[in-house]
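Protein chains in written order, with my numbering: chain A, 1 to 347; chain B, 1 to 255; chain C, 1 to 286.
Hints are supplied without guarantee of correctness; some may be wrong.
To be verified - As a list, the in silico DSS-like pairs of lysine-lysine whose alpha-carbon atoms are at most 25 Å apart:
1. C:LYS179 with B:LYS151
2. A:LYS103 with A:LYS124
3. C:LYS63 with A:LYS342
4. B:LYS39 with B:LYS226
5. A:LYS159 with C:LYS142
Derived from the structure by calculation, the hints contain no laboratory data.
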Amino acid sequence: MKKVITLAIALLLALATAGLVRAESSRTVYVYNWTEYIPEGVIDQFTKETGIKVVYATYESNEAMYAKLKVMNSRGFDVIFPSSYFVNKMGKEGMLLPIDKSKLNNFKNMDSRHLNHSFDPGNKYSVPYTWGGTGILANPERVGPMPEKWSDLWDSRFKGTLLLQDDLREVFGMALKKRGYSLNDTNPDHIREAYEDLVALMPSVRTFNSDSPKIPFLNEEVAAGMIWNGEAHVAMGELDTLQFVWPEEGAIFWMDCMCIPAGARNVDEAYAFINFLLRPEVAATMVREWGYATPNMAAIPLLDEATRNDPAIFPPISVMEKSEFQNDIGEAITLYEKYWNKLKANQ
Amino acid sequence: MSQIRNTWRLLPVYIFLYTPMAALVAFSFNNSKFSTAWKGFTWQWYARLASNTQLMDAAINSLTIAILSATIATVLGVLLAVALFRYRFCGRRAVQAGLFVVMMSPDIVLGISLLLLFVLMGIRPGFLPLLTAHTTFCLPFVVATVYSRLKGFDPHVIEAAEDLGASEYQAFKNVILPMIMPAVAAGWLLSFTLSMDDVIISFFMTGPDYEVLPLQIYSMVKMGVKPDVNALSTIMIGVTVCLVFVSQLLMRKTK
Amino acid sequence: MNMHNRFRFLSISGAILWLSVFGLFPGLLMMGTSFLARHEAHLVDFRFSLEGYRTIIDPAFLKILWNSLYLAAGTTLLCLLAAYPFAYTLARMETRWKKVLLMLVMIPFWTNSLVRTYALVFMLKTRGIVSTILVWLGITAKPVSFMYTEAAVFIGLTYTLLPFMILPLYSAVEKIDGKMIEAARDLGAGSWRTFFHVTLPLTMPGIVAGCMMVFLPALGMFFVPDMLGGGKHLLVGNFIKNQFLVARDWPTGAAAGVVLTLLMLALIYVHGVSKGRLNKAGKKKS
């Protein structure tokens with residue numbers, strides 16, 4: 001018995017020291033990102049070429065990442081990947097370092113149409129990484145003709161078959177767009193109108209899902225709904241009766257960007273890493289793997305004809321003109337949240 | 001004979017618990033990235049897993065944290081449960097209320113406030129904060145399990161032992177501990193389970209160089225959870241089932 | 001100091017120290033934050049305000065609260081009904097494999113809950129395993145889906161929380177002296193009477209512990225209703241998380257946490273008082 005206890009204690013101590021002692025390499029960059037959001041092999045390649053070790057940590061939502069960095073005074077990480085309106089918010093609150101483009105010789109690869117968006121004028125704090133948007137995916141075999149606009153979803157033939165994102169900005173954005181308002185609208189009357197429209201839509205909604213909206217489509221639990229284009233691209237590859245459209249009223253766009261937090265310690269390494277990810281080959285791999293568009297112009301020639309011209313991956317100019325990126329809406333978020341709770345509680 | 005009949009009575013629960021597991025195992029061999037329909041047999045997810053050092057590291061970290069925090073929480077929890085059962089000390093009610101509040105605290109509150117506490121103390125998120133937080137949220141579960149077992153035991157037995165000259169520690173070791181052993185084991189198992197599965201508190205406690213598995217899996221969702229997670233789960237289930245059976249057989253041999 | 005006091009002192013103070021640093025601090029912080037105001041850039045504004053409480057005095061929040069209590073209570077009941085016979089049978093078995101059988105209950109729970117919930121989707125979806133079996137048995141003609149229903153949420157929550165009921169019950173049943181039950185039977189009590197008058201009271205502490213350990217976590221298990229219930233059943237846990245992260249309204253989130261905790265404490269207090277009365281009444285009778 002004594003021996004067993006001694007052995008157990010020894011084992012516990014060994015585990016504890018293994019946890020505490022971590023070898024520190026001389027040059028390291030701390031990357032904070034989604035799991036598997038950088039193509040396989042890219043990180044190894046980077047370490048091989050530059051000798052900089054990459055420590056990769058993951059978050060599960062922009063909101064959670066923001067809360068953690070806020071509490072930690074923007075310290076602890078060197079490169080982060082916030083989406084559009086968090087770039088906006090974090091930039092405003094001094095949580096990001098201004099980007100010195102002269103340190104990024106691959107910045108010239110960027111398509112100028114994807115720079116200078118409203119969420120970060122002049123790309124002061126952010127370098128675009130990948131982007132996409134929310135459109136409509138439907139299975140015409142089950143619900144008849146393909147919907148073309150957001151407002152088509154209010155049609156009674158969709159009763160009990162719709163999927164909406166489980167994200168209040170996306171859902172309200174859709175309803176605001178339907179009415180012709182901006183998806184960043186902060187006017188309380190407009191938000192209320194959007195809420196009333198959504199109440200009318202609820203009987204059609206079968207599920208809210210923004211974890212992996214393609215799964216309910218593939219399980220044939222839902223027949224139509226709003227979905228990110230990359231997810232739609234993958235879903236269409238698995239089930240060929242599905243079709244994707246960019247709604248006439250305009251889509252909801254997001255862009256994931258690379259930023260350097262204000263408290264970063266390894267700034268040079270961070271620039272080296274960002275610069276590496278701006279290489280055309282890396283960007284092209286990303287498009288092939290996930291079906292999201294790249295802002296990297298030099299990557300386009302590396303893609304095959306079909307991918308390059310796939311409107312579900314690269315929305316045409318006409319769609320881009322009507323669509324908007326999500327922006328920080330300040331205090332208005334509490335109003336959205338209030339209506340969101342009402343919408344869900346009155347089920 | 002009645003033993004066999006009794007085993008049949010257990011079966012529904014095992015079926016309930018293991019049918020989804022069987023589906024999970026089956027889909028780890030499915031030749032489709034998004035595992036919704038069967039598309040043929042493959043080993044590719046296991047091969048991919050072997051090269052996915054990030055996921056493997058996180059799995060090992062999770063196991064480490066779960067074993068350590070379950071053990072510390074069990075030690076603290078047993079002592080606390082016994083103290084609550086035996087002694088009438090001042091602040092006894094407060095301790096009970098405190099345990100209850102920890103059990104009750106929404107994960108997000110516990111996560112954010114502990115992070116704030118560690119930032120104030122100048123400790124960077126990582127191994128130690130993670131271990132502390134996990135131990136803390138496991139503690140009430142151990143106390144509740146052990147206390148419920150102690151309740152109903154005759155305190156006179158312990159007093160009798162002490163009357164016979166046993167010290168407090170001896171009474172604890174020789175009388176109380178054997179009585180509550182099943183509850184101690186249960187408390188440890190529950191803590192281990194809780195720790196293996198926590199996402200939100202872990203999110204705030206992990207530092208860049210110490211990541212845990214549940215967090216990686218939740219974060220993977222953005223790009224679609226791939227079957228390599230199923231493969232990892234299959235290996236874990238397989239290894240633990242084997243360990244349990246082998247240890248049982250070994251114990252039988254030594255007898 | 002002699003051995004006697006030292007052990008007692010160390011065990012009490014060690015645990016209290018841990019609890020007051022890592023348990024009290026979050027509690028106090030939640031309490032404090034709930035009386036502050038929201039600030040757009042700094043999360044909280046350090047001035048006294050009841051705004052957080054005012055926001056949650058709202059029919060929507062009460063509905064969410066009620067819905068959570070209903071789901072949690074239903075789950076607790078289901079867990080109890082499934083776990084009691086199981087734990088009872090297992091604990092009273094006399095076989096070397098008892099520990100192995102108990103471990104087998106725990107092993108599925110070491111798989112990540114998200115992955116496990118995905119596995120449940122395979123069971124419940126259209127053309128899923130349950131539906132296929134029902135069609136094969138001829139119970140239904142067409143494939144049926146159980147997804148996005150209240151039943152699916154209950155199944156998911158029960159699946160996730162079952163071991164938290166089984167383990168305390170197991171340890172409570174295990175301690176009953178078999179002779180007590182035999183004695184009751186010998187005195188001519190039927191199985192039901194024995195159960196209600198001997199077994200049930202003796203396992204009561206285990207039942208209470210198990211119910212608490214299922215009920216409280218069930219209030220916060222938001223990913224199960226999200227994935228199996230279609231995100232249409234908001235839970236308090238969900239509400240609080242959204243307040244902290246999405247709306248970044250920490251005072252409201254904290255206020256909801258405080259209200260929930262107080263409500264639960266009150267419930268337990270009432271339970272304690274009524275039990276105390278019952279005990280007293282019982283003693284008088286005898």
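> Are there hints from earlier that the structure breaks, and if so, what are their numbers?
Replying inline: Those not satisfied: there are none.
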